Amino acid sequence: MSVMVARKKVVRKWEKLPGRNTFCCDGRIMMARQKGIFYLTLFLILGTCALFFAFECRYLAVQLSPAIPVFAAVLFLFAMATLLRTSFSDPGVIPRALPDEAAFIEMEIEATNGTVPQGQRPPPRIKNFQINNQIVKLKYCYTCKIFRPPRASHCSICDNCVERFDHHCPWVGNCVGKRNYRYFYLFILSLSLLTIYIFTFNIVYVALKSLKIGFLNTLKETPGTYPSMSLTVLTVLEVLICFFTLWSVVGLTGFHTFLVALNQTTNEDIKGSWTGKNRVQNPYSHGNVVKNCCEVLCGPLPPSVLDRRGILQQEESTAQEGSCPRGPGTQGPPATQGPGQAQEGHSVLCPQVPAPSVSDTEMPEEKQRTPGELPVPSPDAGRAEH
Numbered sequence: 001m002s003v004m005v006a007r008k009k010v011v012r013k014w015e016k017l018p019g020r021n022t023f024c025c026d027g028r029i030m031m032a033r034q035k036g037i038f039y040l041t042l043f044l045i046l047g048t049c050a051l052f053f054a055f056e057c058r059y060l061a062v063q064l065s066p067a068i069p070v071f072a073a074v075l076f077l078f079a080m081a082t083l084l085r086t087s088f089s090d091p092g093v094i095p096r097a098l099p100d101e102a103a104f105i106e107m108e109i110e111a112t113n114g115t116v117p118q119g120q121r122p123p124p125r126i127k128n129f130q131i132n133n134q135i136v137k138l139k140y141c142y143t144c145k146i147f148r149p150p151r152a153s154h155c156s157i158c159d160n161c162v163e164r165f166d167h168h169c170p171w172v173g174n175c176v177g178k179r180n181y182r183y184f185y186l187f188i189l190s191l192s193l194l195t196i197y198i199f200t201f202n203i204v205y206v207a208l209k210s211l212k213i214g215f216l217n218t219l220k221e222t223p224g225t226y227p228s229m230s231l232t233v234l235t236v237l238e239v240l241i242c243f244f245t246l247w248s249v250v251g252l253t254g255f256h257t258f259l260v261a262l263n264q265t266t267n268e269d270i271k272g273s274w275t276g277k278n279r280v281q282n283p284y285s286h287g288n289v290v291k292n293c294c295e296v297l298c299g300p301l302p303p304s305v306l307d308r309r310g311i312l313q314q315e316e317s318t319a320q321e322g323s324c325p326r327g328p329g330t331q332g333p334p335a336t337q338g339p340g341q342a343q344e345g346h347s348v349l350c351p352q353v354p355a356p357s358v359s360d361t362e363m364p365e366e367k368q369r370t371p372g373e374l375p376v377p378s379p380d381a382g383r384a385e386h
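Mapping of the sequence shown onto full-length UniProt numbering: residues 1 to 386, in sequence order.
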């Protein structure tokens, strides 16, 4: 017979989180779903550095200094570490409101705005908040059902509200917010230095080879391991990649250095929050470049509020086949467990089937009697005694 057994299945909170994010390593890694450009970033960095270390570094270490490949390796490792830290971390996602919280916020809004006549547009859901004598508006997010904190915004790609939202960067495959902005800035800064470094020493390599054997002979030079491709062709390829990368990465680094000095985000700069027609002063700026840089890059890093690896327990009922005794006389298998021993995992309880009782109506005629009546010996028994 089949028996219903209750099992407890452990479910992590990241499996039930809304939004358009992907998780790896049991919720430890959090990224956006669109990761194609992130893989392109990895390919360009790894490919360019691999060519530089494989060919130019060996020659430059002998001819100039062995510190050249060492410093390049330090820049490469630092850039890769900050890139992965930016891409795999929680940018500062704000949890959505629970049903009870959303209902309470709706009641507050209705109590504040009152009843809106039919046909009229309801007033905007905004709360005023004062920061450093400046009025900051807290906007209501209809997706997350919350009033967003100051400087937070809803990312349309990841479908999450992010605290101190800067922008969504497809090159790192993640949003850039309060919890990973410093790593993003250090990544583009180190990548700019690495690009300038490789670009400069590629030109130095070609110049040194041209001084020894001439420029045309340098172009025709072929390494033994790659007979079909000139060594300088690879160098020219590296120079072209670095040249086109240089302008965008160095320009981006300069732009974010300007924002860090003002304690401003890309989202605020695009919207003109503090430089628009109203000329409202930025309430988050300390009026000092050093203090602004220290707050953005060296301030305390808040913990993630998502609790991605928290445990949610859900019970599942499964049917299992088992044999149970059906009545008296049915002999089951001998018990193999001693007293106090229990089966590991879960226990299966078999219902006990009561033994069929023989009622008075099923007894033979001579044995039927009413309750309280004494048994009467039969006449045949008396004759046998005489």
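To be clear, the hints were calculated from the coordinates, so they are not data collected in a lab. One should not assume that every hint holds.
[Said to hold, decoys possible] List time: in silico DSBU-like cross-link candidates among lysine-lysine, alpha-carbon distance up to 35 Å:
#	residue 1	residue 2
1	K127	K137
2	K13	K35
3	K137	K13
4	K127	K139
5	K291	K271
6	K145	K127
7	K9	K139
8	K137	K271
9	K16	K139
10	K145	K9
11	K16	K137
12	K291	K16
13	K127	K271
14	K127	K9
15	K137	K291
16	K9	K35
17	K145	K13
18	K13	K127
Values in this document were obtained by computation on a predicted structure and should not be read as measured data.
Evaluation of the provided hints:
For the given pair, K127 sits about 6 Å from K137 by alpha-carbon distance, which is consistent with the 35 Å threshold. Note on K13 and K35: the hinted pairing holds, with a Cα-Cα distance of about 23 Å set against a maximum of 35 Å. Between the alpha carbons of K137 and K13 the distance comes to roughly 31 Å, so the proposed pair stays at or under 35 Å and holds. Among the hinted pairs, K127 with K139 is consistent with the structure: their alpha-carbon atoms are about 7 Å apart, no more than 35 Å.
Taken as a hint, the K291 and K271 pair is honoured in the structure, with Cα atoms around 24 Å apart against an allowance of 35 Å. The suggested pairing of K145 with K127 holds, with an alpha-carbon distance near 14 Å, which does not exceed 35 Å. A C-alpha spacing of about 39 Å is found between K9 and K139, which places the hinted pair above 35 Å, so the restraint is violated. With a CA separation close to 14 Å, the supplied pair K137 and K271 stays within the 35 Å bound.
For the suggested pair K16 and K139, the alpha carbons sit about 26 Å apart, so the restraint of at most 35 Å is met. At most 35 Å may separate the alpha-carbon atoms for a hinted pair to count; K145 and K9 meet this at roughly 30 Å. As the CA atoms of K16 and K137 are separated by approximately 31 Å, the hinted pair is consistent with the 35 Å bound. Distance hint between K291 and K16 is unfulfilled; the C-alpha atoms sit about 40 Å from each other, more than 35 Å.
Annotation: proposed proximity of K127 to K271 holds, straight-line Cα distance about 19 Å (limit 35 Å). Restraint check for K127 and K9: not satisfied, since their Cα atoms lie roughly 42 Å apart, outside the 35 Å limit. Restraint check: the Cα-Cα separation between K137 and K291 comes to about 25 Å, which is no more than 35 Å; the hinted pair holds. Proposed proximity of K9 and K35 is supported: the alpha carbons are some 31 Å apart, at most 35 Å.
At roughly 19 Å between alpha-carbon atoms, K145 and K13 fall within 35 Å of each other, so this suggested pair holds. As the CA atoms of K13 and K127 are separated by approximately 31 Å, the hinted pair is consistent with the 35 Å bound.
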